[in-house]
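Sequences listed follow chains A and B, in order.
If you read the first sequence in my numbering, its first letter stands for residue 83, the second for the next number, and so on.
If you read the second sequence in my numbering, its first letter stands for residue 2, the second for the next number, and so on.
Treat the hints with caution; some may be incorrect.
[Said to hold, decoys possible] Which bits of chain B does chain A cover? Going by a derived footprint, with three or more residues having C-beta under 8 Å, they are:
(1) 10-23
(2) 30-42
(3) 51-64
No lab work stands behind these hints, which were simulated from the structure alone.
It should be emphasised that the depicted structure is a prediction, and the values quoted were computed from it without experimental measurement.
Yeah, the Cβ is synthetic: ideal placement off N, Cα and C, and Gly gets one too.
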Amino acid sequence: MPVGNSPVIGITCPSRPTKWANWDLDAVVLPTTYHKMVMQCGGIPLLIPPGCSSEVMNRIDGLIISGGPDINPQIYGQNSGSYTNEIYPAQDDSEIELIKSAIDKDVPLLCICRGFQLLCAINGGELHQHLPETVGYENHGGWNGRVTEHGVDIIKGTKLEKIMGTHITANSTHHQGVSNAGNLLISAYSSHDNLIEAVEFEELRFCIGVQWHPERIKHTNLYLEFIETARGSSL
Amino acid sequence: MRPLIGITTSVNSRDYETPNQSVVILPENYPKAIRKAGGIPLLISECDDVDELLDCLDGLVISGGRDINPNLYSQTPHEKTTDFSDIQDSWEISLIEGAIERGLPLLCICRGHQLLCVIRGGQLFQDLPTTEGYEEHGATGGNWSEHIIKLEKDSLIFELLGSEIRGNSGHHQGVSDAGDLRVVGKTSDGLIEAVELNDYPFLISTQWHPEMLGQDSVFEGLIQASSR
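Throw the hints in and build the complete structure from the sequences for me.
This is the structure in structure tokens:
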């Protein structure tokens with residue numbers, strides 16, 4: 083590969099009050115799994131802290147909206163339920179601006195977990211605010227740090243199916259879920275309770291949102307396809 | 002277009018989303034200071050190919066963090082030097098050396114300042130509270146100390162901050178020898194608090210934390226140099 087040809091991938095991160103070593107400050111925090119997966123798949127990862135304007139889109143070839151805290155329910159026209167008690171409006175605002183810019187410019191976009199939920203919410207969708215108390219989804223999976231696994235059925239003919247096939251095993255560690263995907267194409271449901279697990283915009287080069295965390299369970303093919311598409315935009 | 006400034010992060014293990022996860026952490030006041038000064042702050046983390054990374058950046062900040070492996074300055078670890086990472090050390094050494102080779106504007110803070118000095122042939126005191134003459138220098142009982150730092154005329158840091166500032170101190174190690182760097186700031190106890198590299202386009206290196214003290218001119222200087 084020629085030098086300078088690797089696509090630059092921006093990854094959003096949360097900032098929150100954090101204690102570590104002898105520090106106790108607002109800090110930007112992100113699991114290393116995201117940037118390690120990006121590097122493994124041939125991209126150059128740059129982490130985007132909250133407050134960044136869409137100007138950064140001029141400097142990256144692909145964008146990942148990472149997992150993290152719940153989004154503000156006002157974004158999808160609801161009041162906060164009793165389990166939605168930790169929201170970060172500054173992060174919401176900058177990620178919304180970045181997602182809109184990526185869609186507008188057709189920059190490859192991969193939205194994970196929180197990012198998937200935000201992608202749906204700003205495109206006319208809605209969320210279940212707490213799956214363990216939502217009829218039909220009480221046993222969807224782990225949350226609050228607990229991780230479980232379940233099957234995911236992928237719809238034939240979607241871009242996701244071309245990348246991953248028709249059935250995969252996904253990890254699950256979330257307490258909110260997408261109830262309505264708005265004007266996005268639904269590309270996958272969980273096998274055991276039919277929760278919306280993935281969406282895409284077909285007309286864009288790469289715009290995929292997934293509820294699970296592919297970077298934690300070696301779903302390398304999804305990241306590879308994302309980064310290869312981004313490489314096209316870097317030429 | 003506003004310049005893109007890379008800021009190094011530290012990898013730590015902690016309970017985050019799932020138990021005992023490896024995460025990158027950086028105090029938010031770094032990106033906030035860069036943004037306020039007119040730059041685009043992006044965080045960078047340990048990688049193999051620093052050349053490709055440096056190609057993306059207009060300026061670089063080596064942030065504060067854990068201790069450096071004392072082997073790098075030919076010492077064995079003091080009993081208080083317990084938290085260091087060889088991976089982080091070698092990654093940041095490559096970054097600093099690569100940046101200097103390119104003439105990239107560079108700001109080194111706290112750990113970054115110490116690492117720069119070590120790379121340039123310097124030495125550290127491994128534990129100031131038990132080093133004669135420096136017992137009061139750092140944080141005591143978790144509280145950071147403050148002290149006056151005198152800055153040398155005809156230096157970049159003097160141009161940006163004037164002849165005297167109040168610096169903060171939460172560190173337990175310090176620079177005892179700055180190698181081939183020019184010492185441009187010291188506390189009254191004689192600790193080396195700021196250094197520069199002669200004939201370099203823009204390099205600021207401070208033991209204290211300008212991002213915690215509202216020293217905007219330091220970041221404005223970095224952004225201006227990175228905009229060229």
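Hints and how they fare:
1. 10-23: Our answer is that it holds, as 11 residues pass the Cβ test (under 8 Å) against chain A, meeting three.
2. 30-42: holds (count 6)
3. 51-64: holds (count 5)
Of the numbered hints listed earlier, not one is contradicted by the structure.
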